[in-house]
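J.: Between the sequences and the hints, there should be enough to build the whole structure, so can you do that?
2 protein chains.
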Amino acid sequence: MTETVFANARLGSGQLCDITVSAGRIQAMTPHDGHVKMRPDTITDLSGRLVLPGFTEGHVHLDTSFYGGPWISHKPCTAGFDVHERVTFQHDNMAVAEPMEVRARKQLELCIANGTTSLRSHVMVDGSVGLRSLETILRVRETFRDLIDVQLVAFPQSGILKSAGTPGLLDEALHMGADLIGGLDPGSFDRDVDGHLDVVFGLAQTHGAAIDIHLHDGGSLGIFTLEEICSRTVSLGMQGHVAVSHAYALGDVGPDEARRAGERLARSGVSIMTNAPGAVNFPPVALLRAEGVTVFGGSDNIRDSWWPYGDGDMLGRAMMIGYRSGFYTDAELEMAFDVVTSAGARALNLDGYGLAVGCRADFVVLDAAHVAEAVVSHPRDRCVYKSGRLVARNGRLC
Amino acid sequence: MTETVFANARLGSGQLCDITVSAGRIQAMTPHDGHVKMRPDTITDLSGRLVLPGFTEGHVHLDTSFYGGPWISHKPCTAGFDVHERVTFQHDNMAVAEPMEVRARKQLELCIANGTTSLRSHVMVDGSVGLRSLETILRVRETFRDLIDVQLVAFPQSGILKSAGTPGLLDEALHMGADLIGGLDPGSFDRDVDGHLDVVFGLAQTHGAAIDIHLHDGGSLGIFTLEEICSRTVSLGMQGHVAVSHAYALGDVGPDEARRAGERLARSGVSIMTNAPGAVNFPPVALLRAEGVTVFGGSDNIRDSWWPYGDGDMLGRAMMIGYRSGFYTDAELEMAFDVVTSAGARALNLDGYGLAVGCRADFVVLDAAHVAEAVVSHPRDRCVYKSGRLVARNGRLC
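So the protein lines, in turn, are chains A and B.
Counting from 0, one number per residue, gives the positions in the first sequence under numbering that gives the first Met the number 0.
Counting from 0, one number per residue, gives the positions in the second sequence under numbering that gives the first Met the number 0.
Since no wrong hints were added, every one of them can be taken at face value.
No distinction is drawn between identical chains; accordingly, a pair holds when it is met within one copy or between any pair of copies.
In silico EDC-like pairs for lysine to aspartate or glutamate, Cα to Cα no more than 20 Å straight-line: (1) 161 / 171; (2) 74 / 372; (3) 105 / 366; (4) 161 / 84; (5) 161 / 193; (6) 74 / 331; (7) 74 / 333; (8) 105 / 372; (9) 74 / 91; (10) 74 / 329.
These are computed hints drawn from the structure, not numbers from a lab.
Fair warning: this is a prediction, and the values are worked out from it, not measured in the lab.
T.: Here you go:
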């Protein structure tokens, strides 16, 4: 079996070590004392550069980004930010944008080049696109299987109860290969929290699938919905297999109420995804983690109908999470990093994640003294290894 | 006189043109029709890349950054964020960091490489450092005079009334070559709004110097202080020569009160600097601009005793200003760009700023279709021209 030693690798602790990889896994990690004892087939000298575990992208939309294609100007909101209006705008844009397969490939290439080795994408399933988007993204995923692990969420972008035939389409999506069942604002969008969650949790049970629900609803409606999700998660024994994306409500309420909600989420094994948005409240990351909640990170939209921002860089996202959370100390910056790496791996139930013997050899090499510096500087020059193989260097796939 | 034509330059409007430069100024801008009519000494083909005016960095601290040197971990705050505590921490750090001259040079190099061609820096003047920091930064400024225009603010980091001898030191600083007189939280720090402003405006009058006051004080105390600053500005006829940095209070109050304050600021010719901080309220940029206020941008601290963030990239800062302000449309992204370019030039009273005939040939060339895309992508590969001369390319000084 071919054996590669990545010599002179700086770990987050600052320690220099040699990492032996074979069959795509880390076989040994030994202190670097200037020479490699074994006789591996290949030695890659990392010259003391920092080695980080591959980044975990917890939330993108591979089907709807325009990244890499012609610029599409954002449409002003008529009155506040209306999800229905955005869905219509997105529908119009899909007709003029490059083909979905081209766009999805460009987004995956962007994410990989930035160091993401595992990714969760929502894919729209509704009465208008049916299962066509999912078919496309499943095909694209297959062609990228050696470069990145992709989980797909069957995402009812137009609601479940409001969009005729959607429950059946979601069921079919899970048969076809979607890994998770999604949801969207059971209160404000479908106007029926119970009815919406009945379908989501029912399909999850039928298919043994995990759940990841978009919840933009703020304030007390959002908190109420989170409580309902927690309650169902526990009663169905789905702890550790349910995530809520955005959950802005946790940032709307005061710290005491957020702490109570956090305690409930932790006890229920429901994780929370945030991208640290710029202009709305978002979950208090440190407070929730202190309660034991798995808070994971995602880019969310990357240059699409919902906003023009996003660069697919989860190390930059860690910076943004820290910046928005007022994280200043090394320990806080390391917390932001954990959100886009290990916490993401827990939320996504990744197998063999981490920089440790037995884990998959997915890692990123870059210039920084330690994790804290990597977060604030997030240098763009990186080498990305998937299963021990160099897949991207300095922003380009190999 | 040597004449250079920068051919095939894409302007923010999308139009392609040829820019003729001599004696450091733009002499002509003509539509690019595939061939250059004149016979210039040099032709630089910009190949349709986007040309932007040089960026305006409205607020840094050249004396206190650690950027480019060994990492210094941030110290946790004991109880909230206390300015006195931070000043002590900074004092301790200055003893172990690299020499100030080395650090200031690295920060200027960083700013220039990112495309900044004009910059305002505050420099600490107080009883402990006296005028030594200013002497150092004046020396550094002199060695960079062909690369970047630097304005220096004599900044009473330890207060004016609380720090014995500071009024005399500030007076001496203005004699030595500081361009502006600074201030710091007249209410919460010096506990005497009138007494503090008496010294600041008095010295400004004596020296014919402009003013740039740090105002972190939030809520009604901050608004009260802004009103006092406006009142003195008008009564002394200093409209257009007074700036307030941070002014978090404008983000603390509701939109009606912010609008009233904005109307007063506009009428008084007092400009507002923001860096769009991540975890505190900050001035509502679009609302204030609608009232006619000059809102300009700055990095503020770049990796120092106040926070670990900052990269000296004003195009990235425009992205952050847009991200934090909820700017999504092209017009909004262009507004964020204006904050770090033309609005900054107005606030800094720069002579001959802009991409127009007669202006100084300070510009940045990069890959983007237009201003909106440049803001969201803020690509790091850039060519920076100062007075028509290439001074930095792809992150490094030439």
